[in-house]
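Modelling step: build the complete structure from the supplied sequences, incorporating the hints.
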Amino acid sequence: MRKDIRSAVVAIVVMTIVLGLLYPLAITGIGQVAFPNAADGSPVKVDGKVVGSKLIGQDFSTGPNAKRYFQSRPSVTGYAPNATFFNNRGPNQATLAVQQRRFVLDYLQREQPYDPDLKASDVPSDAATTSASGVDPQISLANARIQAARVAKVRGLPIDRVRALIDENTDGRFAGVLGDPGVNVLELNLALDAETRR
Amino acid sequence: MNVAGWAQIVLFLVILTALTPLFGAYMARVYGGEPIVLDRVLGPVERGFYRLLGTRAEAEQDWRGYARAVLFFSAASLAALYLILRTQSIHPLNPLNLSSGPWDLSFNTAASFVTNTNWQYYGGETTMTNFTQMAGLAVQNFASAGVGIAVLIAVVRGFARRDGSAIGNFWYDLTRTILYVLLPVCIIGSLFLVSQGVVQSFSGPDTFKTVAGGTQTLFLGPVASQEIIKELGTNGGGFYNVNASMPFENSTTFTNFVLMLSILAIPAGLTATFGRMVGSRRQGWAIYVAMTVLFVAGVAVIYAAESHSTAAMHAAGLVGGNMEGKEQRFGIGSSSLFAAVTTVASCGAVNAAMESLTALGGAIPLANISLGEVVFGGVGSGLYGMLLFVLLAVFLAGLMVGRTPEYLGKKIEAREIKLVVLGTIGVPLLVLVVTAVAVATSYGKASIFNAGPQGFTESLYAYTSQANNNGSAFAGYTGFLQPNGNNAGSLTVTFSQLLGGVSMLLGRFLPMLVALAVAGALVGKRVTPAGLGTMRTDTPVFVVLLVGTILLVALLTFVPALLLGPIVQSMTNQLF
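Top line first, the protein sequences correspond to chains A and B.
Just so you know, we're using my numbering here: the first sequence kicks off at 10 and counts up by one.
Just so you know, we're using my numbering here: the second sequence kicks off at 1164 and counts up by one.
Warning: the hint list may mix true and false statements.
As the list claims (entries may be wrong) - As a list, the in silico DSS-like pairs of lysine-lysine whose alpha-carbon atoms are at most 27 Å apart:
1) A:128 with A:76
2) A:76 with A:54
3) A:54 with B:1372
4) B:1372 with A:63
5) A:12 with A:76
6) A:58 with B:1372
7) A:63 with A:76
8) A:76 with B:1372
9) A:162 with A:128
10) A:76 with A:58
11) B:1581 with B:1688
12) B:1574 with B:1688
Stated by the list, open to error - Stretches of chain A that chain B covers, calculated by requiring three or more beta carbons in the stretch to come under 8 Å of a beta carbon on chain B:
13) 43-50
14) 186-192
Calculated directly from the structure, the hints in this document are not laboratory data.
Quick reminder that beta carbons are idealized off the backbone N, C-alpha and C, glycines included.
Structure follows, in structure tokens:
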């Protein structure tokens, strides 16, 4: 009995040191040397200044230039990567229906002036539903193609050029079968900014 | 639904099935004490550790001695983690200056991580310091997984051995699990995750101006090193509140696929380890096939259900699949597969919001957990739970044909069956009683977020998940009043935390002790050679019988409750 208690206490102390400190610190050391950019959150820089992370979606819906940008998926957290939570409204909740209806109407209001035939039933599912992380960096291809009309018009770019940039910033299915293709909104918008500046 | 989605599910099954005998054979060598490659490097470490503990590798215990060591180790773990949580404000690596945890949250969290549940009544990045995540939570991710696997190996020895009363040495099994199985995979796996963008850093948090002129703050931490053991050990507690949907935890569809495989790798591999240890690989495959049948059925239903829209989407005029609470990179296919993987295994990590699933899609994870976490289940705990069901199936078959039931040549008698019944219906009864208390009292009801049947489902899911040590959640449950370091919580929160904490401890240690007692009862029994009248337990007929027994005992208990919650919602477009 006494021996068991002693073994238990020693075991948990040793494990805390080895698995709780040495292991994560060693992985941090190796990771920082081998994959410095990835280990630090894949930051994206413009003119030497960090403006975001490749993996983290951000808000493009406010400010004077909102119409020039592709818009991220709706987020309940205000795109906060440091205080995340789910929407947590179930499939039959009236509050969810109200929320999603608002997302649909916002989307139509933004895109319809540039695409008069757009109907609610054309709005892609990802464009009017909140993502899981609240910082989904991607939108669907269908969503991006609808927004392309607006962005091309506002920026005075040929629509084909915008479509080409969408394709350049699309991550396909890994190995052809894993997951769904998605367009990285931050990278696409930065590519557009670079294009227009030129 | 699309071809790629189904192809991904098939690919997953093919790789898992191919890994099972390889990983299984390796683990059989580890626990059989046979020479392995890593011996040369880790052998001295292993022997040094035994010396520190004051044990010898060959000093074996009977089931009572083994159980005592398990309980003392788990108690020490509970105390250590509780202490770290309660004092985290004075520890290093606390860039946000977080305060220490309140007693109720710390109890629930300590119970949660020690029992391999990883139910989280807190948001990781806003409540836990980096030190707590590493030295407190992640240590238990290793330790609780190690305990589960060690106990399973001891139980299998009970089936495999033919005399004496010894079923192994707990410290030996625990040490070898961590040194030779968990740690090597974690080192390789975490570096792979970092290479794909999962963060591993102590810098920051960094605040910057976004492209459109807003601000954003990136909070980094030792994520990759914790992410891999969280899946490999079927723990499931996320570094971030939104778990593996957070791109910093699960950056690409490739990492997602590897994480899903690492959740099931050990529970699946152990079926092959079992087969080798009892001297008949077919016995292991029979169990693997029974598990896979139940798993695949669930995946298909979730994927089909999520490809349809919800009642709320109908009302909003939206068409298409249900992307609410899902990430674009995973889409409906990878999110559905992950939801099934994480709930057949008692992992509980999520890459999509479980509460946002369609009604039918959400019913499957709940049903998966209700099966008692024996379809793959937790590392170790899944298979020893499954072996109790195997004995029950053998007993039922024996009753049907009027012969003394036997399994692997050992007679199954009254003592074993009494234990098996306690082990198989104990947790379902616990779930029903605790859920009833939670939905019938004002303290419990105050934790509910959603209206109508969904609110009931939230409560049922919360206690099913905690008592079965899964840890996934319909996270609206208390989610809206989530306590954090600066909020000592209300009585409502305290009630849910205590009820949940006690459920997790009972749900973990009752079946574990039963399984060890069964091993103790079986270990000394002589093996009678199989005769003409012996029922074979490695045939398709037995697989069907086993699947039937699991559905009968575990699922039927919950059908009325499932009807009241998700099923009734799936049949209506009514909004609540």
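Here is how each hint holds up against the structure:
Taken as a hint, the residue 128 (chain A) and residue 76 (chain A) pair is honoured in the structure, with Cα atoms around 19 Å apart against an allowance of 27 Å. With a C-alpha separation of about 22 Å, the suggested pair residue 76 (chain A) and residue 54 (chain A) falls inside the 27 Å cut-off, and the hint holds. Among the hinted pairs, residue 54 (chain A) with residue 1372 (chain B) is consistent with the structure: their alpha-carbon atoms are about 11 Å apart, no more than 27 Å. Proposed proximity of residue 1372 (chain B) and residue 63 (chain A) is supported: the alpha carbons are some 14 Å apart, at most 27 Å.
Distance restraint check for residue 12 (chain A) and residue 76 (chain A): the Cα-Cα separation of roughly 71 Å exceeds the 27 Å cut-off, and the hinted pair is therefore not satisfied. A hinted pair counts as satisfied when its Cα atoms are at most 27 Å apart, and residue 58 (chain A) with residue 1372 (chain B) qualifies at roughly 9 Å. For the given pair, residue 63 (chain A) sits about 21 Å from residue 76 (chain A) by alpha-carbon distance, which is consistent with the 27 Å threshold. Distance check on the hinted pair: residue 76 (chain A) and residue 1372 (chain B) sit about 19 Å apart at the alpha-carbon level, within 27 Å; holds.
As the CA atoms of residue 162 (chain A) and residue 128 (chain A) are separated by approximately 20 Å, the hinted pair is consistent with the 27 Å bound. This hinted pair checks out: residue 76 (chain A) and residue 58 (chain A) have alpha carbons roughly 24 Å apart, not beyond 27 Å. Proximity of residue 1581 (chain B) to residue 1688 (chain B) is assessed by CA-CA distance (about 17 Å); at most 27 Å being required, the pair is judged to hold. For the hint linking residue 1574 (chain B) to residue 1688 (chain B), the alpha-carbon distance of about 8 Å falls within 27 Å, and the restraint holds.
Interface restraint, the stretch 43-50 of chain A with chain B: holds (6 residues with C-beta to C-beta distance below 8 Å; minimum three). Using a Cβ-Cβ cut-off of 8 Å, 5 residues of the stretch 186-192 of chain A lie near chain B, which meets the minimum of three, so the contact claim holds.
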